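We have chain A; now place chain B onto it with these hints.
Respectively, the protein sequence lines represent chains A and B.
In our numbering, each residue carries its 1-based index in the first sequence increased by 21.
In our numbering, each residue carries its 1-based index in the second sequence increased by 202.
Some clues are possibly wrong.
Said to hold, decoys possible - A short, non-exhaustive set of chain B residues, derived as facing chain A with CB atoms under 10 Å:
| id | residue |
| --- | --- |
| 1 | Thr-468 |
| 2 | Ala-490 |
| 3 | Lys-500 |
| 4 | Arg-509 |
| 5 | Arg-533 |
| 6 | Arg-574 |
| 7 | Leu-603 |
| 8 | Ile-702 |
Claimed, not checked - Here are a few chain B residues that sit away from chain A, every Cβ distance over 12 Å (derived from the structure):
| id | residue |
| --- | --- |
| 9 | Lys-339 |
| 10 | Pro-340 |
| 11 | Pro-415 |
| 12 | Leu-539 |
No wet-lab data here; the hints were simulated from the structure.
What you are looking at is a predicted structure, and each value in this text was computed from that prediction instead of being measured.
Each residue gets a CB set at the ideal place from its N, CA and C atoms; glycine is no exception.
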Amino acid sequence: MPTIELNREDLESLLGTSLPKDIEELNGILAYVKGEAKSIDQEEIRIELKDSNRADLWSAEGLARALRGFLGLEKGLREYIAAGSSGVEVYVDSQLRNVRPYIGCAVVKNVKLTDAAIRQIMRFQDKMDQTYGRNRRRTSIGLYEFDLVKPPLRFTLAEPDEVSFIPLEFDEELTLREILKKHPKGIEYGHIIRQFPKWPIFIDSADKVLSFPPIINSNDLGRITERTKNVLIEVTGTSYQTVMDTLTNVTVSLADRGGTIYSAEIHYPYPEMNDDVTPKLDIEIMVLEVSFIQRFIGLKLSISEIVSLLEKARYGVAESSNRRITVQIPCYRVDVLHPIDIVEDIAIAYDYNRIPDEWPQLATIGKLSDETMFRDYLREIMVGLGFQEVLTYIMSNPETLFTKMNLKPSKVVELANPKIASMTCLRNWLLPSLMELLSHNVHVAYPQRVFEVGYCVVHDETRENKTRDIEKLACVNIHSNANFTEVKAQLDALLSNLGIKYYLEETEHGSFIDGRVGKVIAEDNDLGIVGEIHPQVLQNWGLENPASAFEISVDTLRKIKLKC
Amino acid sequence: MMSKIDLRENEAKVLSALKEASGSLDASEIVSKENLSHAAVMRAALSLESKNLIRIIERRIQRVSLTEEGRLYAEIGLPERRLAQALIEMGGEACIDEALNVASIKSSMSAIALGWLSRKGWGQIEKKTRRVKILKKPEEGADERLLRLLRKREALNIEDLEGEMKEAVNILRRRRLVEIDEKTKRRLELTSEGWRLVREGVKVVREVSQVTPELIITGKWKKVKLRRYNIKAPVAPIWPGKKHPYMRFLDDLKQKLVALGFKEMTGPIVEISFFNCDGLYMPQDHPAREVHDMYFVKEPKYGDLSRYKQYLENVQKTHENGWITGSKGWRYSFSSLEAARLMLRSQTTAASVRMLINKDLEIPGKYFAIARCFRPDVIDKTHLTEFNQVEGIILGEDLGLKDLLGVLKKFAIEVAGADKVKYRPDYFPFTEPSVELIAYKKGYGWMEFGGSGIFRPEVTLPLGIKVPVLAWGLGVDRLFMMKMGIDDIRYLFTHDLEWIRRAGVV
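Chain B with its partners taken away, still in its complex shape:
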């Protein structure tokens, strides 16, 4: 049975140290003897104890050491000693103040010096005459011997001291000249089984925790035992580098849109109102312009529309009287200066307007953009002042409402994974008809998932587009929040690194 006990290297070291020391040693002694860390010795000891080869006996050890004041008196002597010395030099009797002065005892210490002189029976104090005289030769007491001992040593075990000295520890402690601290001392002792094993000779299996290049190169790994680990023990956390969960979600969305045949388009953050509003048939100074609020640029106020003169002219006429679009127009006096006003893009549709006049526009064509938009809304659980919008357009001959509904349904299924859809009439100043998409997904319920419509002729014709243009936008933020299980849209731009680190893939 014994031979079956596998011992690790450190365990063997502890056993052999104990054997040499006749079976008993303090853990700290083994630390210095075997040049191991305290933790390593204790690990080995606990393991040996579990194999019933040693016993660990714990003792509380009290150690006494000098305080700062104690160290001073150890050097120069206790005040009563110095006072007695001074009196002897002064002929055995003196006026109190003089004696204290000769003994160089500060007035703050005078009561202590006089008190102890009298308590130790070395001298007598005449209160009336304020004189003090020596009574007997002051013998060195245990307290002074203890101070002397401690002056040479850092600390002493109290249990090693004789009775008189132990008493002195208490006295000096009350005088705050020494302090006591407690330590647990562990003594290791071989059990009878342990003795049997060490007499038979300890067989050591060398166990290795970290596999090293040396072990591999030299082939030593064959001779050693790779220690079994407690694989269930917890480890310190590390955080991977990874994409932001919302950005990752948008990446996936882009891939889905590309798979459905959409090309990505872009536009600037600072937009000219013409692209964000006027080109979308949003009349100046009208509630339809303010379906949402907008941010404007302080300086400079206006952009340069000289490149778009023809389009600007068409749009102006359309707003004023409908131009050739078959519309009555908004019937007001259009300001081309107002159309040049610089603002922050408030809707991704601005990118669609730019695409419609881009020389690379293809018909039929499908385009999408994911763009940062800005609106001076109050930030709360459901509103951000800066957010991403996913929008796009589809151009083709003879496209109509049934196609728009088909596109919405496709999005609901492909993008949101919806089970069924509903359509509701919606309103945008630039689309007619306008449709809201409501998608149902098991576990999530019904949610508003998109707004869409067919660009009004007042939008397309001034930009030179003669085919119907389906325009759509997707409420992907809500979808992301549902998937992440968050109910506060502010988490999309959260500063909470802990959350971002923990947020998984959706």
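So here's chain A without its partners, still in its complex pose:
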């Protein structure tokens, strides 16, 4: 969910009206764009936007464009057209194919840039780079003082030590390699290109460096100020579609500040790519069936109503009949993939709260899963035996699962990207979770008897997800007289209530006292383990009372029960 920060005055000037001071009232308006104001003061408004695919809303210009429609200040399509060619030609080096193959450029002339506007543009650029551009890996944006640039331009590669220029925020020349070492942006984004022998640079015909994409712009050419009138926009990246979508959005945002758009020509050396003219400002057409709209929303909307709702949502209508409406999609709405996206916008413009709701009359039979019913039965018996049910995390760590349980580590399902040290893998057995819980309750009144029915996960090569969830039941008695007899009696009560005959087989297990532990066997199945907890384990958990426990497989139990 992107969060954007906007200058209130700048937004209101783009909007052409003032916004409510009250946050609730403001949220009423922002609901149209799936937004919610998180904070609001005299100067700044912070808005969380739910739609992570509508990049057009992440700028003050785009947000104003959409809201003007819903506020009734402007309706229908806002069309953007390139007034002509900027004369900029970009030649792409063939070696870029495996590094950063695509580029798009546009020139916007006669933009009026205030200090607030520049800040907004920088924020938008940053937001696009982070989210849409996947932290500049997929796309990155550069803006330049067009009047200082001498086309034609070249998007090429350079040896890290051969080229140097003054990067933004610096006052000395650095080589590309030095930028990666010294410049904050080089340190942050260097990983994107470091592995390549040569690195991308964007230079003009006088061999002046415009930028070192996707790292940093030149301080000479790549700095926009309040004096800047004509802006060159460049987007480079690894996905052609994303480069184009990003360029379109940045271009129309600048155009909304009074600028005129001029195109650029890109010359690709790759055989499959033709020369290209950017930015892409084409209006797309989708044909919607009226009956589909009506059925989908559940309202008998008239054609004129639909047309006016479409215009409120800033679509254009090229043609409409009783059966079909030909909708024009503005170039910046790169999120519209399917007619259903337009139908949603019609419903939003109509207002969800005005649509009469109806509980669908479908004859279906409700049912709990067999697993749930069996689990509930086990829980009922455990509660009857005096145990308190507890709830613990499936994520765990080897220290908890093995070391503290006096066991040698064995293979568990580990996470590739753990976030905290206590949650690095999935538990393969349940008892450690209960011991951990008890360790936090040393000063709570004893006796303590706890149980949980919970999932454990183990490797299983034979299954499509290479793992198996095992539902287990574990319980622990802990008090000054806890012993094997007590827990065996409880196990006995549980299994005899299920009508399952079992026996105990002597075994050895590090977590339990030797000679007071047994494997639970039923119908030739290994159900689990029962015994008195080893004093070493108690000590490891800081527990001062004896404890006895069992842990059995609910899945196996259910299978046996089904056979009986």
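For chain B alone, kept in the frame of chain A given last:
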């Protein structure tokens, strides 16, 4: 009036013991005489005192006993005594060191031995010549007699001692040879009313506290009196076995969903990205894939999608160019390896995808799942990294937005007990339109209670589903927290057994 006094058995025993002892006894004497516990005697005594039948006279008793050092001297004699003895044996006069040596007195004790010898007037010390001589026959003093007495007895009551001996207690105490401890002694005495009663003969009503099988079987219960208890007295706490409050809440929720016609569905904890993401039209390497963060499995990295070849192909085409769904698609090169990436289920919707391709799927159909989900969020008051999600789907011909709103309203009323609802546009990569449910409940205010939508055609068609599918999820954690009056979501998985034990039903 007297005859109306009911006496318990122990009270009668105390009275009769007092009668035999001419009306006065220590409580401890009654304990040994009647073979009762001290507490039982005192309970009876207090009760008798309240009936004005006896008086309880408390006395502070000081008892003297030997310290460890005192016990030693009681055995071998005080140092000055041993020194005098040695001098007598040495002819009445000797060099100090020699005399101490003969008396086996350690140098650390020499000052004490010499000091007391001189203080008791038994001997005289010549400092210059370092000689010592006996002055008179050393008579046994009161201090030595007291030591002798104490050697045979554990302790003595100070008030039983004569004046000279009492003085000796103080001297020996200063020498740390004896110690004094204080005890309260309770003496019971019959009052005149008590005397009258015991002379008339005590009528005992046998009172019973614990009803025993013997009383019941023999019918003796008819003859005894069952003691009245102080039912207001506090009792020691016991904790019932019970379900976890949150699990119980989820149990109730399941019942409500079943009552609304939903069947329960399930899915695995370790999911293949295909079910968690790709099948839900979440494009690879795109912000819409990362509406939330996800955990991935370290080893093995990839699952096996060979069983789902056709679906995988459909999904791939849909992502790349929209396939037959009427969509433009995401327009990128889809990686089927990425789709096989193993991860921890991050949304219960993965179970819905599995249900849509399940051979037992019914149309029309309603399904729900309550499943553990995992997201690498920072854990705080409002976020858990592992949590339960309640989600489901409804399939049927001609379902639309008005039906989705109807479902949400039904949930708000049936599940949350809401008074009114509001709908807000929402966003999920896999639903269009998407609706957020906001419910108002008196006493709780407005709360976000659910997210929902209609599965995009790009989700349903590749999975072979040709009818609209309404998808919904409920924010039940927040509802539970509100009902429990907790504002920290971490309490759902709390280790605090005290809280779990006390938490009631909501």
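For the hint on Thr-468/B, just tell me whether its beta-carbon gets within less than 10 Å of chain A. holds (6 Å)
Have a go at the Ala-490/B hint: is there a Cβ in chain A nearer than 10 Å to its own Cβ? holds (5 Å)
Assertion that Lys-339/B lies farther than 12 Å from chain A (Cβ): holds (64 Å)
Does the closest beta carbon of chain A sit nearer than 10 Å to the beta carbon of Arg-574/B? holds (6 Å)
Restraint: Arg-533/B near chain A, CB-CB cut 10 Å. Satisfied or not? OK, holds: Arg-533/B within 10 Å of chain A, min 5 Å.
Does Leu-603/B meet its interface restraint, that is, does its C-beta lie within less than 10 Å of any C-beta in chain A? holds (5 Å)
Restraint satisfaction for Arg-509/B [CB to CB of chain A, less than 10 Å]: This interface hint holds because 6 Å falls under the 10 Å limit.
No chain A beta carbon within 12 Å of Leu-539/B's: holds (14 Å)
Classify the label on Pro-415/B as holds or violated, using whether its beta-carbon is more than 12 Å from each beta-carbon of chain A. holds (23 Å)
The hint names Ile-702/B as touching chain A; please verify it with the least Cβ-Cβ distance against 10 Å. It holds, given that the least Cβ distance between Ile-702/B and chain A is near 6 Å, below 10 Å.
Say whether it holds or is violated: Pro-340/B keeps its Cβ farther than 12 Å from all Cβ of chain A. holds (59 Å)
A closest beta-carbon separation below 10 Å is what the hint needs, so does Lys-500/B meet it against chain A? holds (4 Å)
Checked against the numbered hints listed earlier, the structure breaks none of them; every hint is satisfied.
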